[in-house]
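**Student:** Next come the chains, spelled out residue by residue.
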Amino acid sequence: MPARTFSARLRPALVGVLGLSTLTGILYPLAVTGLAKALFPRQAGGSLLRSGNQVLGSALIGQAINDPGLFWTRPSATLGTDGRPAPYNALASGGSNLGPSNPELARAAQIRIALLKAADPGNQAPVPVDLVTASGSGLDPHITPEAALYQAGRVARARGLPEAGIRALVAAHTEGPQLGFLGAPRVNVMKLNLALAELR
Amino acid sequence: MNTAWLQALAYLGLLLILSAPLGTYIGRILEGERTILHPALAPVERALLRLMGVQGEEMEWKAYTGAILLFNLLGGLAVFALLKGQGHLPLNPGHMGGLPTDLAFNTAVSFTTNTNWQTYGGETTMSHLSQMLGLAVQNFLSAATAIAVLAALVRGFARRESKGLGNAWVDLVRSTLYILLPLSFIFALALVSQGVVQTFAGAVHTASGQGIALGPVASQVAIKMLGTNGGGFFNANAAHPFENPTPLSSFLQMLAILLIPAALCHAFGRMVRDRRQGWALLAAMTLLFVGALATTASAESRPNPQLAQIGVAQPAGNMEGKEVRFGVPGTALFATATTAASCGAVNSTHDSLSPLGGLVPLWLIQLGEVVFGGVGSGLYGMLLFALVGVFISGLMVGRTPEYLGKKIEAFEMKMVSIAILLPPAVVLVGTALGVLLPAALPSVSNPGPHGFTEVLYAFSSAANNNGSAFAGLNANTPFYNWTLAFAMLVGRYGTILPVLALAGSLARKKITPEGPGTLPTHTPLFVATLMGVVLLVGALTFLPSLALGPIAEQLSLR
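If you read the protein sequences in the order shown, they are chains P and F. In my numbering, each number is its position in the first sequence, counted from 1, plus 2. In my numbering, each number is its position in the second sequence, counted from 1, plus 134.
By construction, these hints were calculated from the structure, which means they are not laboratory data. For glycine and all other residues, C-beta sits at the position ideal for the given N, C-alpha and C. Incorrect hints may have been included.
As the list claims (entries may be wrong) - Label-pair ranges, simulated between beta-carbon atoms:
no.	chain 1	residue 1	chain 2	residue 2	range
1	F	G200	P	K193	54 to 64 Å
2	P	T176	F	G200	29 to 39 Å
3	P	T24	F	P647	28 to 38 Å
4	F	S690	P	A170	42 to 52 Å
5	F	Y627	P	G71	32 to 42 Å
6	F	S690	P	A116	24 to 34 Å
Stated by the list, open to error - Some chain F residues well away from chain P (every beta-carbon gap over 10 Å; in silico):
no.	residue
7	L208
8	P381
9	R410
10	T420
11	A428
12	G461
13	V480
14	S527
15	L575
16	G651
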């Protein structure tokens, strides 16, 4: 192929890739970022929960909790940089990827049931499924209303508060399906625990 | 469970309603007519085409193919270079180093072929620059590529005794500029309103020491869905609360996945001057989708027998790998949509789906992703099956088969056969290697039939350019990075090349007027024939391997 026709063929490809990359890879994300910051600054920055200058966390990202006086989030399968379990590691999201027939799935659930029972020996209710299964992201900030009510007795005793008050708080923090038909009823554990701290 | 029904009905209803006007709009763009966006975007289009030195002359099929391949080659090389060199480039607050060659190659191929198979974790591997200027750019350009290929094929049907299929450069620029960019812009902002993050800042650290990764996520997620790419900004993809924070954001993302593929059916009908033809294809897709969705949703809502035995209350269904905010209905719908299309984004970990709940997504991928399918690729795939449909019908009555007035002869059927059979061949051979070679076996993470399914899913996903995974499989090994990259290339270009050759051959034919013996291709009878062909080819090819994987697992689980 003569050099001239080759460069004539290469030019549209080269300029096309460069031009469209500039449009879609630089100008487009810059424009979205600018407008997002102007219209939805809180959401664009990660829906952070602050207390004064301190960042407590994000309303959308769960945290590992094992204080019996707080509501627990779901099990999390995220790992640390060393490859060891590091629940709710929001620098490396992920699920367990355990298959439904994998015996490890039942073993992990049994360990979790034992932890829940040890913290709440008198509770004879069956354990709700979301408290013994890891979420897909490992960062799920929500639990089902059943999982929150399951923990109400333990939280009430640990804080020396009447259980009815805790249950009312759970009810007040239960979100129904969005727009009435999207998604499942849920309780945001981050917000529930913050409200709990103000209950005294 | 009535909200589950409402969600599914609202989803399909909205999808079908929105697809008609959008399809008309896309049809106008592909035929070079003026639209409402021309006053704003036409100057950009003219400037870019002038810089490229493109006058918009008609291309015959070989030139069209050459342009597409060169465009993808340069795009892929740019991503590869960016991934290798990201350690020395700006916008890298997490100080990510360059990628190893096998991983950089796999990822460049993956995003250029619209697969978005990811053997890396986004927030632990990629700089912000690699995400936005490498991966997100190919999200746009690979989708534009498939729209261009589809446009060429449709012109092959619509034109008579013509050599030209349009101009590939014009099609690529217009698809990006008028279709993908404006829609992405609107979707990105809608997603931010729900809580998807959009910032160039690095991770924040909380008072208690939790590090939280951030990034320019919304702009990338919008095109990841609209372009049926599926590559997540974060490792957990659309299960991550910053990629998909609310049930509404999930609903919008599912809508974005199938919106353009559904609309293209209408654009096709408009371009061949018979909108009923587009409706027929859309009807077949919708019916197949409903069957798949019902199966997944019912399988996932059942309790896991292992957990039932140890006394776990499972009113919510199978919740391992799922997010509470989506629940089983929102997850089953997402899993069905993402694998019906060539998207591959996931809002749960598919590896933890129940055996039958995982079988459906896997099989949808193996059918060639023609139930709506990927942007462009879904419809050109479905048109291939339509040709098989008229061919089989023609054999039954002893007439030369025709579709839209074009005689379907030996050359056309050869191209159709190659395009339909190459990906399954790669899937089956690749899976066999994956379970035979000692170098490959340690990658399998779950025991028993489920482990086999992990390998089968990986090759099905790669060779059909889906990108979702049974992610327990450790695919970041040289064996998987190279073989799956090969599978993605064959799956993409092993279809695009025969489709464009087919387009060239069809365009040269004359259009035979309809006669009393012509098989109408817009009737319920043809819709049923088409669905039968898709299901039959898929079942004949994959039932034995599905029996070894999910079906064996379902039977063993008690």
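**Student:** Among the hints numbered above, which are violated by the structure, and what are their numbers in rising order?
**Tutor:** 2, 3, 5, 7, 8, 12, 13
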